[in-house]
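A.B. asks: Residue numbers (our numbering), protein chains in the order written: chain A, 455 to 562; chain B, 85 to 443.
Hints were generated in silico from the structure; no laboratory data involved. A few of these clues could be false.
As the list claims (entries may be wrong) - Think about it this way: if two alpha-carbon atoms lie no more than 27 Å apart in a straight line, the pair counts; the simulated BS3-like pairs of lysine-lysine are:
| # | chain 1 | residue 1 | chain 2 | residue 2 |
| --- | --- | --- | --- | --- |
| 1 | B | Lys87 | B | Lys139 |
| 2 | B | Lys139 | A | Lys481 |
| 3 | A | Lys489 | A | Lys460 |
| 4 | A | Lys537 | A | Lys489 |
| 5 | A | Lys489 | B | Lys139 |
| 6 | A | Lys530 | A | Lys489 |
| 7 | A | Lys537 | A | Lys466 |
| 8 | A | Lys466 | B | Lys139 |
| 9 | A | Lys466 | A | Lys489 |
| 10 | A | Lys521 | B | Lys139 |
| 11 | A | Lys489 | B | Lys154 |
| 12 | A | Lys530 | B | Lys139 |
| 13 | A | Lys460 | A | Lys558 |
| 14 | A | Lys521 | A | Lys537 |
| 15 | A | Lys557 | A | Lys460 |
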Amino acid sequence: MSVNEKFSAIRKGLLEFLVLQIISAEKVYVADILKQLSATEFATQEGTLYPLLSRMRREGLLDYEWKESEAGPPRKYYELTAKGREQLRETLEYWGQINGTVKKLGLK
Amino acid sequence: MNKVITINLGGNAYQLEEGGYDALRAYLETAAVKLLGNPDRDEILSDIELAIAEKFRALLASHKTVVETKEVAAVLAEMGPIEAEPGEAASPGARAAGATSGTGGQKTTGGKAAESSGSPRRLYRIQEGAMIAGVCNGIAAHMNIDPTLVRLAFVLLTIFWGTGLLVYVVMAIVVPEARSPEEKAAASGFPATAQEFIRRAKEGYYEAMKGFPDRKARREWKRQFKREMRAHADQWRFNWHSYWAEHAPIHPGMGFVLPFLSLLQGAATVVWICAIISLLATGAVAHRLRHSRGAAEIRAARVLLQSGPAAVGLVLRVFHGWGRLVRRDRGPPVAGRALFSGAARRDSQFSCFRPSGRG
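Model the full assembly from the supplied sequences, consistent with the hints where possible.
C.D. replies: Structure (structure tokens):
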């Protein structure tokens, strides 16, 4: 099993926080999110992202508004709620801790 | 050339090739099943439809209005499979159903391919529309007859000889049930040649339709197409008759029996005519109504009712024969004419299926 495969579950779990981070910067719609992720290890597809976004909205982390688009049907633009921003802050903090732990353990 | 199906995605119409439509439908159905139990199911599905619509829109231009099958496949691959969120995943049963319906799309196409390449016909029990275990249904599909007739035969066998029930029970146990699409296709097993014929005819028809500039030419051509189809049917019938005339299984006793059978049939016809005449003359047709009120009118109506279908059939038959005579006299040389000049062509050439010849 390659490292890539071993981390697939972890990547999946982290996706939510990356999405939070992407949305925190500006209002985006799904294609923007996919594009930003596409160059990374976290490249994903609509089939995964839509269910994830809908759950995050249900948990009150983000909200969306409809915007007309010249090139087709209207789009949903997502933005973070206060709760989402708080969640992102906590997550980044926690991630910092984990990162520190990973670097520290086993090294003297 | 492919059939095009128009669909509505997010309030806009899109035209997809038939294969693409099937793929899209399978994708959305799978998605719907996977999202069972998700409170935002409908919203996610509509999001997905909109996303697909946007991708389709990007593929189309003023000179390109149809999304091809392979483009639909590419778009769906780009969308990726719908992944249920942990915790709100559908129940395992529904998940399994989703998985099978997902592969179902491919399976059906596989089944279709197998069918058109001539799947062997096999005896299966068919549960759809079955009364007990689908045995009669299966036999009917296998022999291409009405299931009611088969059921009737079983009932008669049971009443008169008592074997029907036994045979039924044994068959219910021994004969497998048709479950997969392939098995169902094999159960009714349409002859591949007939399907191929229809497909070719359709293809040639629509291909040729495109080649005509104005309506008049098209109508004239349509007329000719119908004529040739009819001629083909005539020819087919002729082939069938001439084949069986040569290959019919001949029993040595037939030469002796056949004249007697004809005589018998003739006698039966005479008896039948006499019976009808006597019934009409004595008014026994309406025996039960004889003593009731308004008997005369009712009797007349009843006679009319009873003889009506036969009369209509007779008229139709006369017209049919007349139509054939007329057809034979005019029109271009068609396959049907060869019949009557004695040189039956076994392979009918569908000249009208080749647009280049006329268009």
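A.B. asks: Next step is simple, just say for each hint if it's right about the structure.
C.D. replies: Do the hints match the structure? See the list:
1. Lys87(B) to Lys139(B): Between Lys87(B) and Lys139(B) the Cα gap is close to 21 Å, so the pair holds against 27 Å.
2. Lys139(B) to Lys481(A): With a Cα-Cα distance of about 21 Å, the restraint between Lys139(B) and Lys481(A) holds, given a limit of 27 Å.
3. Lys489(A) to Lys460(A): holds, 24 Å
4. Lys537(A) to Lys489(A): holds, 25 Å
5. Lys489(A) to Lys139(B): Holds, at roughly 14 Å.
6. Lys530(A) to Lys489(A): Status holds; Cα separation ~16 Å.
7. Lys537(A) to Lys466(A): holds, 22 Å
8. Lys466(A) to Lys139(B): holds, 25 Å
9. Lys466(A) to Lys489(A): It holds: about 17 Å lies between the C-alpha atoms, which stays within 27 Å.
10. Lys521(A) to Lys139(B): Given that 27 Å is the threshold and the Cα spacing comes to 17 Å, the pair holds.
11. Lys489(A) to Lys154(B): Within the cut-off at roughly 23 Å; holds.
12. Lys530(A) to Lys139(B): This hinted pair holds, its Cα atoms lying about 15 Å apart.
13. Lys460(A) to Lys558(A): Cα-Cα ~21 Å, so holds.
14. Lys521(A) to Lys537(A): holds, 23 Å
15. Lys557(A) to Lys460(A): Measuring from Cα to Cα gives roughly 19 Å; hence the hint holds.
This entry satisfies every hint, going by the numbered hints stated previously.
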